[in-house]
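Protein chains in written order, with our numbering: chain Z, 2 to 350; chain Y, 25 to 500; chain A, 12 to 128.
The hints are simulated quantities; they were obtained by calculation from the structure and are not laboratory data.
Note that beta-carbon positions come from the ideal geometry of N, C-alpha and C, so glycine has one too.
One or more hints might be untrue.
Now the in silico label distances, taken between C-beta atoms and shown as ranges [said to hold, decoys possible]:
| no. | chain 1 | residue 1 | chain 2 | residue 2 | range |
| --- | --- | --- | --- | --- | --- |
| 1 | A | Glu126 | Y | Leu223 | 47 to 57 Å |
| 2 | Z | Val204 | A | Val95 | 10 to 20 Å |
| 3 | Y | Val76 | Z | Pro211 | 52 to 62 Å |
Result set (DSSO-like, lysine-lysine): computed pairs, CA atoms no more than 27 Å apart in a straight line [unchecked claim]:
| no. | chain 1 | residue 1 | chain 2 | residue 2 |
| --- | --- | --- | --- | --- |
| 4 | A | Lys48 | Z | Lys158 |
| 5 | A | Lys67 | Z | Lys98 |
| 6 | Y | Lys372 | Y | Lys174 |
| 7 | A | Lys44 | Z | Lys98 |
| 8 | Z | Lys84 | A | Lys48 |
| 9 | Z | Lys98 | A | Lys48 |
| 10 | Z | Lys99 | A | Lys48 |
| 11 | A | Lys104 | Z | Lys342 |
| 12 | Z | Lys88 | Z | Lys99 |
| 13 | A | Lys67 | Z | Lys325 |
| 14 | A | Lys44 | Z | Lys84 |
Incomplete in silico selection of chain Y near chain A, CB under 8 Å [to be verified]:
| no. | residue |
| --- | --- |
| 15 | Leu43 |
| 16 | Phe46 |
| 17 | Thr47 |
| 18 | Leu50 |
These are the residues of each chain, in order.
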Amino acid sequence: MENIFVNAAGGIRNLLESAGLPGLAVDLIVLTVIFVAILVFVLLNVLWLVYMERKVSAFIQCRIGPNRVGPMGLFQTIADTVKLISKEIIIPKNTNKKLFLLAPVMIFMPPMAVFAVTPFGKGMVALDLNIGVYYFVALASLSTVIIWTAGWTSNNKYSLLGSMRVVAQMVSYEVPLLLSIVGVVLLTGTLNLTGIITSQQSVWFIFLQPLAFLIYLIAAVAETNRTPFDLVEGESEIITGPFTEYSGMGFAFFFLAEYANVLLVSMLASILFLGGWLAPFGLTFIPSWIWLLLKVYLMIFILMWLRWTYPRIRIDQMMAFCWKVLVPLAIVNIFVTGIGKYLYESVRW
Amino acid sequence: MNIDFSLITTEIALAILGLAIFTLGLIIPRSARKGLGNIALLGLIIVLGIAVYSWPNQGETLGGMYIVDHFSSFFKIVGLVAAILVVFGFRRYVAANVGNYLEYYSTIVFATLGMIVMISAGDFITLYLGLELMTISFIVLVAFRSFDVKSLEAGIKYLLLAGMSSAVLLYGLSLVYGATGTILFAEVAQSIIDGSGGLLLIIGLVMLIAGLGFKVSAAPFHMWSPDVYEGAPTSVTAFLATGSKAASFAILIRVFVGSLTGIQEHWVMLVAVLAALSMLIGNLIAIPQTNIKRMLAYSSVAQAGYIMVGIVAASQSGVKGVMFYSFIYVFATMGAFTVVAAVYNKIKSDEIADYAGLAQRAPLAATVLLVCMLSMAGIPLLAGFVGKFYLFMAIVDGYMWLVLLGLIMSMVSVYYYLRVVLVMFRDDPVDPTPLKMETSVTITLLIALGVTVFLGIYPGPLSEIANTAAQSFFTP
Amino acid sequence: MSEWVGVALFIMAGLAFGVVGIGVSFLVHPRSKNRYKLETYECGIPVEGSAWGRFKAQYFTFALIFVIFDVEVIYLYPWAVSFVQLGLAGLVKMFIFIFILVLGLWYAWKEGALEWK
Numbered sequence: 002m003e004n005i006f007v008n009a010a011g012g013i014r015n016l017l018e019s020a021g022l023p024g025l026a027v028d029l030i031v032l033t034v035i036f037v038a039i040l041v042f043v044l045l046n047v048l049w050l051v052y053m054e055r056k057v058s059a060f061i062q063c064r065i066g067p068n069r070v071g072p073m074g075l076f077q078t079i080a081d082t083v084k085l086i087s088k089e090i091i092i093p094k095n096t097n098k099k100l101f102l103l104a105p106v107m108i109f110m111p112p113m114a115v116f117a118v119t120p121f122g123k124g125m126v127a128l129d130l131n132i133g134v135y136y137f138v139a140l141a142s143l144s145t146v147i148i149w150t151a152g153w154t155s156n157n158k159y160s161l162l163g164s165m166r167v168v169a170q171m172v173s174y175e176v177p178l179l180l181s182i183v184g185v186v187l188l189t190g191t192l193n194l195t196g197i198i199t200s201q202q203s204v205w206f207i208f209l210q211p212l213a214f215l216i217y218l219i220a221a222v223a224e225t226n227r228t229p230f231d232l233v234e235g236e237s238e239i240i241t242g243p244f245t246e247y248s249g250m251g252f253a254f255f256f257l258a259e260y261a262n263v264l265l266v267s268m269l270a271s272i273l274f275l276g277g278w279l280a281p282f283g284l285t286f287i288p289s290w291i292w293l294l295l296k297v298y299l300m301i302f303i304l305m306w307l308r309w310t311y312p313r314i315r316i317d318q319m320m321a322f323c324w325k326v327l328v329p330l331a332i333v334n335i336f337v338t339g340i341g342k343y344l345y346e347s348v349r350w
Numbered sequence: 025m026n027i028d029f030s031l032i033t034t035e036i037a038l039a040i041l042g043l044a045i046f047t048l049g050l051i052i053p054r055s056a057r058k059g060l061g062n063i064a065l066l067g068l069i070i071v072l073g074i075a076v077y078s079w080p081n082q083g084e085t086l087g088g089m090y091i092v093d094h095f096s097s098f099f100k101i102v103g104l105v106a107a108i109l110v111v112f113g114f115r116r117y118v119a120a121n122v123g124n125y126l127e128y129y130s131t132i133v134f135a136t137l138g139m140i141v142m143i144s145a146g147d148f149i150t151l152y153l154g155l156e157l158m159t160i161s162f163i164v165l166v167a168f169r170s171f172d173v174k175s176l177e178a179g180i181k182y183l184l185l186a187g188m189s190s191a192v193l194l195y196g197l198s199l200v201y202g203a204t205g206t207i208l209f210a211e212v213a214q215s216i217i218d219g220s221g222g223l224l225l226i227i228g229l230v231m232l233i234a235g236l237g238f239k240v241s242a243a244p245f246h247m248w249s250p251d252v253y254e255g256a257p258t259s260v261t262a263f264l265a266t267g268s269k270a271a272s273f274a275i276l277i278r279v280f281v282g283s284l285t286g287i288q289e290h291w292v293m294l295v296a297v298l299a300a301l302s303m304l305i306g307n308l309i310a311i312p313q314t315n316i317k318r319m320l321a322y323s324s325v326a327q328a329g330y331i332m333v334g335i336v337a338a339s340q341s342g343v344k345g346v347m348f349y350s351f352i353y354v355f356a357t358m359g360a361f362t363v364v365a366a367v368y369n370k371i372k373s374d375e376i377a378d379y380a381g382l383a384q385r386a387p388l389a390a391t392v393l394l395v396c397m398l399s400m401a402g403i404p405l406l407a408g409f410v411g412k413f414y415l416f417m418a419i420v421d422g423y424m425w426l427v428l429l430g431l432i433m434s435m436v437s438v439y440y441y442l443r444v445v446l447v448m449f450r451d452d453p454v455d456p457t458p459l460k461m462e463t464s465v466t467i468t469l470l471i472a473l474g475v476t477v478f479l480g481i482y483p484g485p486l487s488e489i490a491n492t493a494a495q496s497f498f499t500p
Numbered sequence: 012m013s014e015w016v017g018v019a020l021f022i023m024a025g026l027a028f029g030v031v032g033i034g035v036s037f038l039v040h041p042r043s044k045n046r047y048k049l050e051t052y053e054c055g056i057p058v059e060g061s062a063w064g065r066f067k068a069q070y071f072t073f074a075l076i077f078v079i080f081d082v083e084v085i086y087l088y089p090w091a092v093s094f095v096q097l098g099l100a101g102l103v104k105m106f107i108f109i110f111i112l113v114l115g116l117w118y119a120w121k122e123g124a125l126e127w128k
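Okay, chain Z solo, but in the shape it has when bound:
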């Protein structure tokens, strides 16, 4: 159970090598297979997340939620997807048509590229980059540009408002996000995601960096543009903001990418603060990748809980909260962590 995926990848590699292919080709084919596997994983998760979101929101609002298509409405999202594929992609006449289409094409690129470095379980990482955290954050913030492109090229006032807010929000909350991760990197001394997980063997970083975790959580909600930070989409005021003009698959891609990003930030939270795929209490008979999934889904549930509990905040509150509360707190956290780590090191030696 534990090594099922690792063994599968190894098996494919052996098969290809025994067929006499050169090294690089083997690498590329294995990577492609892994990519497809991750893609399938992400898509299944996204489908499930949409369903879960609706069920959780229904539960919180004392409703039933989707219950018609399939048992307990399980096939609802699949039906929605089929509907979206078969809908026309309307390209309004005032848009910049090339960029208008480029935005939804590109929107899935950053999350998929980031999944390349995320460890899904023990040894289950496509590319074990030694600067994983850097790569993660740098690629993830690319979404800003793409969403902004979508809003700007739409040539729609709501989209423009929304896209400007996207830039302001995602860009502002990236600073506390990055600063909170510095605390974790200080403790581990590595940027490698697997290295960060293994150094949490004795204690999870949520207990050593509670403030950083809190800041990370808030900033992550803002980065994924979810309530209470969904003023960039604001269905009731600016009509889904940057995505107003998108229909059919164009819209579906943005929608899917949002959930892919939710999955991503939850994954990073589990890796950085909740010990990744490490089993708590020595329960190692459950495979590592199941532990990671459990933690990720715990985080996702918290995000959904937040979404359906809090009202939307205003843009001035959003900016003030970021720069006047989160950033100073994150800097204080770095100060405290730095001093604490130094004292710890000097006592130990």
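Go by the hints and put chains Y and A onto chain Z.
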């Protein structure tokens, strides 16, 4: 990597001063920020004291990235003196026309820091770091009167052109790095002696000259200076014309005389042509100017031409001439601009025509302007004459045509300087009420006057110091 | 090096997924011609002007603050990684660095750059 902190005390002190002004300005209420000028002045004088005190300290630190020798110490002192005069002599001007003391004084200090870092640079990265700190501070300062269209225009022009020139410079640096494989000046020199070079190095060299030529406003890279000098607050103009220029000359010498000596035959002619062009264009276009700041701008282009003559020589006497001239140029220019600012404070005009009868209304200001301008023109018994004498003596065998051109152009410059003097001394004032100068302005003017006259009569000691400092390039 | 080939592969494959998704939809979706359908959406009323114009300058203030902070934060990571080797000197130097950063934030705060007007 060990850092020898004793070598960079001046820089650390200046950085602390800048941050202290900034922090203090944030703590105290807005109305009390005016006092920051005094703190900046006091701090700069202390830093100058440190710089003078650490004159004997010599050496390299940060693995050769930072060079402290007499040459750099000399130019650091020049830069600090310019900063002190700017802070001291323009206090009333700043209060009346600029405001925002917190930003103004801290930016002045940071610009000075950029200058002295650049002066001490031992490699291209430090050079660029100091240069950019200085340039960005100056961009802010030039556009400081944000309510004034001219100042904003000057700021945007300076931003665009400084950005352009920095890009060219950086590209040149990268080409030199590509050709020699190192960024340290000393190793670049060694690598050229060892035979690296070729077209790449020459292209890099030309770009370096273009980039640094912009900073010293040598023709044909002088296009920005008239507009920027006119639009910027006069205090900033004075600082730009003195400190920035002196520091840029220092690094020009450090790079060309100190590091690229091996390919001297390639750049000497280029610099000579630039010097000749600067003298020609600066002096000839200065003649029809009606705005005194524009006239001084063109005159400073011409001055850059004279100073570049010393680089053409690429000898100890040439470097000494550059050092001597930079020093006296700071006082002469500062004196002239202090008068301009003080007069602007009273009559709200920079037009030469409005200076009519200044000799009757403000005798000291008129006298100082007269002396400073004559010194810049190179009239004997004033410091400018001695400076030009050193500069032209250095190249008299080999570049006779440049000497002749310099002499002729100095004669031309007397014409437009005297035009101002005539307006001041001959014409009757429209409004004969005396202009009362503040004490700080009077003291600054007296300092400028005193130094200019004293060094004209008795240049020996400074010349000796400059000579010693210039040796650092020519002793192995 | 092969790691970065992998990164390139993932980025390209991510793009390919988008191309395929949109492409398939283009193959199967219906097309109907309607003059009003191609109008920009503005709550159903006739469109007024273009959205491509000047916009509130406040966003750019934040963009500037962001650029400063984002660049500084990048320097914190190498420091954090080699924290133990750098020792006390590294700690003090980085605290000076962060202090200067905080000074900038303080200035922006005090001068009202963080207020949404």
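Hint check results:
1. A/Glu126 x Y/Leu223: 47 to 57 Å: holds, 55 Å
2. Z/Val204 x A/Val95: 10 to 20 Å: Roughly 18 Å apart at Cβ, these two residues keep to the hinted range, so it holds.
3. Y/Val76 x Z/Pro211: 52 to 62 Å: This hint holds: roughly 53 Å between Cβ atoms.
4. A/Lys48 x Z/Lys158: holds, 17 Å
5. A/Lys67 x Z/Lys98: Roughly 25 Å separates the two Cα atoms, so the pair holds.
6. Y/Lys372 x Y/Lys174: Since the Cα atoms of Y/Lys372 and Y/Lys174 sit roughly 15 Å apart, the hinted pair holds (cutoff 27 Å).
7. A/Lys44 x Z/Lys98: Given that 27 Å is the threshold and the Cα spacing comes to 17 Å, the pair holds.
8. Z/Lys84 x A/Lys48: This hinted pair holds, its Cα atoms lying about 19 Å apart.
9. Z/Lys98 x A/Lys48: holds, 15 Å
10. Z/Lys99 x A/Lys48: Cα-Cα ~19 Å, so holds.
11. A/Lys104 x Z/Lys342: OK: A/Lys104 and Z/Lys342 at ~16 Å, within 27 Å.
12. Z/Lys88 x Z/Lys99: At roughly 20 Å apart (the allowed maximum being 27 Å), Z/Lys99 and Z/Lys88 satisfy the hint.
13. A/Lys67 x Z/Lys325: holds, 21 Å
14. A/Lys44 x Z/Lys84: holds, 20 Å
15. Leu43: Holds, about 7 Å.
16. Phe46: This interface hint holds because 6 Å falls under the 8 Å limit.
17. Thr47: holds, 6 Å
18. Leu50: holds, 6 Å
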